[in-house]
Amino acid sequence: MKKTYVFLASLFLLLIAAYWGLKVYNDKTTAAETAAEESAVIYLTNEDTLSALSYANGTDTMSFDFANTTWSYTEDDELKINQTTLQSVAASFAQLTASRALTEGIDDLSDYGLDDPSYTLSIISSEGETTEILIGNSFSSDTYYYAKTATEDTIYVIDASVVTNLVFDVSDLIEIPSLPGLTTDNTIELTRSVGEETISLTADTEASESAEDTTADSSEEAESTESSTEDETTSPFEDGITAIASSMIYSIQTAQPTADELESDGLTSDSRKTYTLTYTDDEDQETTFVFYAGNTDEEDTTTYIQVQDNKSIYLVSVSMIEALDAAFDAAK
2 MKKTYVFLAS LFLLLIAAYW GLKVYNDKTT AAETAAEESA VIYLTNEDTL SALSYANGTD
62 TMSFDFANTT WSYTEDDELK INQTTLQSVA ASFAQLTASR ALTEGIDDLS DYGLDDPSYT
122 LSIISSEGET TEILIGNSFS SDTYYYAKTA TEDTIYVIDA SVVTNLVFDV SDLIEIPSLP
182 GLTTDNTIEL TRSVGEETIS LTADTEASES AEDTTADSSE EAESTESSTE DETTSPFEDG
242 ITAIASSMIY SIQTAQPTAD ELESDGLTSD SRKTYTLTYT DDEDQETTFV FYAGNTDEED
302 TTTYIQVQDN KSIYLVSVSM IEALDAAFDA AK
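If you're matching positions, the sequence shown starts at 2 in the numbering used here and goes up one per residue.
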């Protein structure tokens, strides 16, 4: 019996040793395979982070700078650029890969469209090193492009997505701001200023007598259901919150408005309406969100707005502003 226990114990130890030996082997194999795969990747650029990037198509040039964790438009750093979009572009530029490298039989750059590139990409690494990429002709039904660095002779084959992801209209790169998620629990005050008149709504604000008269139902049926109607009646404060909470800023109208455009859209300081939303954020800190409303479009379906500290003009539905104004007017 004792010999059996000794045998089983020895077998158990052998199995443990075999397990760890196999694990070490597999780890080494995986590491070797990973290293081989990484070495097989062809990089035109291989930077961890960038401090600037630009791209051009022969007509337009878009340039961006990176500082304090934020990408900004070089031509106008006041614009609110969509950071997710720029981070994606920066990542593709920082580690630009190729499916093939052509080193032989290259007689003339014009055969690849690289004597007069269709696109030029430029990056500056966080260490200050500049790399320029030239992109020439497309082939295989625009699936791939020929490319090379400005300082090397090797021609590379890159995926067309590098080109198709380039955006040359700055409006398409503007961040669409979000309205705050107001509720009766987190909202402190809503304020509207038009000229010298300012109206504020709080949880204690009641509807004016004139507003109550216009909303009252004088029919006998309404009188018979008076108690249920009172239960469903909302205050101007609640109506204002609902107007904001059920709406959104859904598109951009003008990225860089001129003085004439601000005037025609009703967004000059002496013509616009100012709305201030005061609420507590997710960290229970008192926060304000200020936006300005101007004119409506020709179809009378959208209203032009601006957000404080943001020069671009955006669009919201007319119904949002109408509902918001109705709440303020009810409190007069």
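Read the hints as simulated data drawn from the structure, not as lab findings. Misleading hints may appear alongside valid ones.
Distance windows between CB atoms, simulated [as the list claims (entries may be wrong)]:
#1 Glu153 to Ala260: 46 to 56 Å
#2 Asp271 to Val168: 53 to 63 Å
#3 Gln286 to Ile177: 37 to 47 Å
#4 Ala68 to Thr288: 24 to 34 Å
#5 Leu103 to Asp143: 10 to 20 Å
#6 Thr144 to Asp109: 19 to 29 Å
#7 Ala260 to Leu103: 51 to 61 Å
#8 Glu130 to Ser270: 19 to 29 Å
#9 Asn296 to Ser52: 39 to 49 Å
#10 Tyr44 to Thr269: 30 to 40 Å
#11 Glu300 to Ser100: 46 to 56 Å
Taking lysine-lysine and the DSS-like style, the derived pairs with C-alpha atoms no more than 27 Å apart in a straight line are [unchecked claim]:
#12 Lys333 to Lys81
#13 Lys274 to Lys333
#14 Lys274 to Lys312
A virtual CB, placed ideally from N, CA and C, is assigned to each residue, including glycine.
Go ahead and decide if the range 10 to 20 Å is satisfied by the Cβ distance of leucine 103 to aspartate 143.
With a Cβ separation near 19 Å, leucine 103 and aspartate 143 satisfy 10 to 20 Å, so the hint holds.
Starting from the range 46 to 56 Å, see whether the pair glutamate 300 and serine 100 falls in it by beta-carbon distance.
holds (48 Å)
Within 19 to 29 Å or not, the Cβ separation of threonine 144 and aspartate 109?
Holds - the Cβ-Cβ distance for threonine 144 and aspartate 109, about 23 Å, lies within 19 to 29 Å.
Status of the given 24 to 34 Å range, CB of threonine 288 versus CB of alanine 68
The hinted range 24 to 34 Å holds for alanine 68 and threonine 288, with Cβ atoms some 25 Å apart.
State, for the Cβ atoms of tyrosine 44 and threonine 269, whether the hinted interval 30 to 40 Å holds or is violated.
violated (52 Å)
Hint consistency between lysine 274 and lysine 333 [alpha-carbon to alpha-carbon, up to 27 Å]:
holds (16 Å)
Given hint lysine 312 paired with lysine 274 - CA-CA distance at most 27 Å
holds (16 Å)
Could you tell me whether the CB distance from glutamate 130 to serine 270 stays inside 19 to 29 Å?
Roughly 46 Å apart at Cβ, these two residues miss the hinted range, so it is violated.
Does the Cβ pair aspartate 271, valine 168 satisfy 53 to 63 Å?
violated (35 Å)
Straight-line Cα separation of lysine 333 and lysine 81 no greater than 27 Å?
violated (36 Å)
Is 51 to 61 Å respected by the C-beta to C-beta distance linking alanine 260 and leucine 103?
holds (53 Å)
Evaluate the given range 37 to 47 Å for the C-beta pair formed by glutamine 286 and isoleucine 177.
Given a distance of about 24 Å, which is not inside 37 to 47 Å, the answer is violated.
The structure fails to meet hints 2, 3, 8, 10 and 12 from the earlier list, while all remaining hints are met.
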